[in-house]
Amino acid sequence: MNAEERAIYGDIGRKGLWENNTALVQLLGLCPLLAVSTSFVNAVSLSLATVLVMAMSSGAVAALRTLIPHEIRIPVFVLIIAALVTCLDLAFNAWLHDLYLVLGIFIPLIVTNCIVLARVEAFAAKNSPLAAAWDGAAMGVGLLWVLALLGSARELIGAGTLFSGIDMIVPGAHAIQVFGDEYRGLLIAILPPGAFIFLGLLIAARNAWVARVQARAAAPHTPVEAASA
Amino acid sequence: MYNSPYLRQNTSVRRVMTTVLVAMLPAIAVQSWLFGAALLVQIALASATALACEALMLALRGRPVAPALTDMSALVTAWLIAVCLPPLLPWWTTVLGTAFALIIGKHLYGGLGQNPFNPAMLAYALLIVSFPALMSQWPGLNVGDFATQMDWVFGGARALDGVTGATPMDALRTGLMTGSDTAAVMRSTAFGHVAGAGWEWVALAWGAGGLLLLALRIITWHVPVAFLAVMSLVSGIASLIDAAHYAGPALHLLAGGTMMGAFFIATDPVSGATTPRGKLIFAAGIALIAWLIRAFGAYPDGIAFAVLLMNICVPLIDMKTQPPVFGHKNGGAP
Numbered sequence: 001m002n003a004e005e006r007a008i009y010g011d012i013g014r015k016g017l018w019e020n021n022t023a024l025v026q027l028l029g030l031c032p033l034l035a036v037s038t039s040f041v042n043a044v045s046l047s048l049a050t051v052l053v054m055a056m057s058s059g060a061v062a063a064l065r066t067l068i069p070h071e072i073r074i075p076v077f078v079l080i081i082a083a084l085v086t087c088l089d090l091a092f093n094a095w096l097h098d099l100y101l102v103l104g105i106f107i108p109l110i111v112t113n114c115i116v117l118a119r120v121e122a123f124a125a126k127n128s129p130l131a132a133a134w135d136g137a138a139m140g141v142g143l144l145w146v147l148a149l150l151g152s153a154r155e156l157i158g159a160g161t162l163f164s165g166i167d168m169i170v171p172g173a174h175a176i177q178v179f180g181d182e183y184r185g186l187l188i189a190i191l192p193p194g195a196f197i198f199l200g201l202l203i204a205a206r207n208a209w210v211a212r213v214q215a216r217a218a219a220p221h222t223p224v225e226a227a228s229a
Numbered sequence: 001m002y003n004s005p006y007l008r009q010n011t012s013v014r015r016v017m018t019t020v021l022v023a024m025l026p027a028i029a030v031q032s033w034l035f036g037a038a039l040l041v042q043i044a045l046a047s048a049t050a051l052a053c054e055a056l057m058l059a060l061r062g063r064p065v066a067p068a069l070t071d072m073s074a075l076v077t078a079w080l081i082a083v084c085l086p087p088l089l090p091w092w093t094t095v096l097g098t099a100f101a102l103i104i105g106k107h108l109y110g111g112l113g114q115n116p117f118n119p120a121m122l123a124y125a126l127l128i129v130s131f132p133a134l135m136s137q138w139p140g141l142n143v144g145d146f147a148t149q150m151d152w153v154f155g156g157a158r159a160l161d162g163v164t165g166a167t168p169m170d171a172l173r174t175g176l177m178t179g180s181d182t183a184a185v186m187r188s189t190a191f192g193h194v195a196g197a198g199w200e201w202v203a204l205a206w207g208a209g210g211l212l213l214l215a216l217r218i219i220t221w222h223v224p225v226a227f228l229a230v231m232s233l234v235s236g237i238a239s240l241i242d243a244a245h246y247a248g249p250a251l252h253l254l255a256g257g258t259m260m261g262a263f264f265i266a267t268d269p270v271s272g273a274t275t276p277r278g279k280l281i282f283a284a285g286i287a288l289i290a291w292l293i294r295a296f297g298a299y300p301d302g303i304a305f306a307v308l309l310m311n312i313c314v315p316l317i318d319m320k321t322q323p324p325v326f327g328h329k330n331g332g333a334p
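From first to last, the protein sequence lines stand for chains B and R.
Mapping to the numbering used here: the first sequence position 209 is 209, numbers consecutive.
Mapping to the numbering used here: the second sequence position 250 is 250, numbers consecutive.
Hints are not guaranteed to be accurate.
[Said to hold, decoys possible] One side of the interface only, derived from the structure: several residues of chain R facing chain B at Cβ under 10 Å: (1) Leu-96; (2) Ile-104; (3) Leu-108; (4) Ala-125; (5) Leu-126; (6) Leu-127; (7) Val-129; (8) Ser-130; (9) Phe-131; (10) Pro-132.
[As the list claims (entries may be wrong)] Anything over 10 Å on all C-beta distances counts as not near chain R; from chain B, calculated: (11) Gly-13; (12) Val-51; (13) Ala-118; (14) Glu-121; (15) Gly-160; (16) Leu-162; (17) Pro-171; (18) Val-213.
[Claimed, not checked] Simulated restraints on C-beta separations: (19) B:Leu-96 / R:Gly-236: 51 to 59 Å; (20) B:Trp-209 / R:Gly-297: 38 to 46 Å; (21) B:Asn-93 / R:Phe-296: 34 to 42 Å; (22) R:Val-13 / B:Gln-26: 36 to 44 Å; (23) R:Phe-326 / B:Arg-14: 52 to 60 Å; (24) R:Val-225 / B:Gly-180: 49 to 57 Å; (25) R:Thr-274 / B:Arg-14: 42 to 50 Å; (26) R:Phe-154 / B:Gln-177: 21 to 29 Å.
I should point out that these hints are in silico values taken from the structure, not numbers from a laboratory.
C-beta: ideal position from N, C-alpha, C; glycine also.
Based on the provided sequences and hints, a complete structural model is requested.
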């Protein structure tokens with residue numbers, strides 16, 4: 001991989017993780033984002049599934065992009081995505097059955113998650129398979145870290161625990177009671193309004209951060225910086 | 001050379017807000033007389049929290065702190081929150097609700113005049129959704145002396161079911177669910193002459209304070225009249241159809257938050273409708289939704305949720321009810 005390619009792949013990764021973050025900037029796929037972020041384990045496991053689907057479907061569509069007729073590309077994309085999600089759904093059912101029962105309808109609903117189709121249509125249909133798979137994975141991981149943050153914040157404030165339900169993935173592991181047994185939990189954090197409030201706060205934090213960075217970049221260099229440069 | 005208007009009133013935010021605070025005094029006095037002085041402590045708690053949050057948010061937003069702190073608007077929000085909550089609530093619950101109202105409900109939307117939702121009702125909704133058990137512990141008449149009440153508020157001691165009485169709305173809901181009819185429930189001990197021992201006097205005091213606001217032209221007649229008329233109408237019709245399951249207008253007007261909602265909550269000039277016809281629609285919608293929640297919903301009283309739901313509709317209501325510009329027909333459209 002030469003320097004130019006490295007720059008391109010770095011750019012794709014940066015866009016997926018931060019600049020065009022699906023949850024904080026594009027605000028796509030809010031339905032699963034809000035519905036499964038009630039706990040860390042639910043949030044991370046569903047977004048890991050989404051990462052897998054996005055990487056595989058983007059790669060598959062990019063490999064087949066010259067064969068797919070332009071006029072019927074959307075139904076073909078959806079078929080490819082649906083096939084991959086079905087495999088994943090069956091895998092969850094077979095190997096992580098408890099988690100499968102908790103996540104329920106949201107695994108099949110990855111098919112309808114607009115992030116997946118958006119990346120396939122906007123990126124994978126025009127780029128090489130490797131770049132497309134990398135883009136899908138980066139966009140998915142961008143969703144993953146936001147969901148992980150949202151899930152832990154809601155679980156921590158709503159129930160006073162972290163990693164509840166971890167025994168569904170790692171047998172024998174236990175949830176952490178962060179605030180002790182006395183904590184009764186702020187129920188609203190677990191309920192849907194809590195998801196909107198926390199996501200709003202995360203978006204506000206990101207916007208504030210970006211505005212600060214831009215203001216610093218626009219400001220004239222101070223003598224100290226000029227000397228070090 | 002001066003521009004019109006030549007006659008102008010010396011109104012300011014501070015004067016309006018101070019008048020609202022004064023108009024709340026009768027109800028606060030009656031409620032603390034009948035149910036104990038814990039209410040006054042809750043008001044102090046909420047006020048201190050509101051002023052602290054207001055100062056903090058103004059400082060964070062880089063706005064001048066002193067003028068906004070002395071305009072009394074934070075105090076009005078704090079007092080309205082304190083009177084909505086059961087007075088024996090643990091202190092941190094009041095602080096949490098008030099902080100949520102001021103920080104998220106008011107300042108994150110841009111501060112005074114910008115909030116789409118009534119901050120006091122947001123605080124109430126947050127607390128009743130999060131702590132339904134705590135929020136149903138209303139004191140009965142003369143429950144505990146002041147020291148005992150303070151022990152419940154600050155000491156972490158929990159009031160027992162025996163000393164906390166149900167409000168009329170709670171009693172009616174539980175009674176109907178356990179199979180008795182409205183007449184039997186209303187003969188029980190929780191009820192006074194019309195709408196719950198003591199609570200009818202608190203409601204009348206809210207009405208008196210509201211009439212003061214009307215007389216001083218702080219509020220217009222549209223909201224309270226539409227609110228109380230629709231509440232009487234729907235509860236009257238329902239009780240005519242099936243008196244055993246639907247309480248009559250007297251109860252619905254004098255119990256729960258009807259009077260306070262009609263005069264002090266739905267008249268909020270920021271989160272409520274602003275056009276005359278819009279105010280009628282806004283208040284009628286609140287009364288209808290509140291009655292529906294009382295009659296069929298899972299919560300005993302629905303004023304807070306009804307206000308929040310109608311708050312969402314305000315931009316549409318205001319847009320559709322603009323009065324015609326002078327000299328034009330059809331709202332000034334060409």
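### Ascending list of hint numbers which this structure does not respect
none
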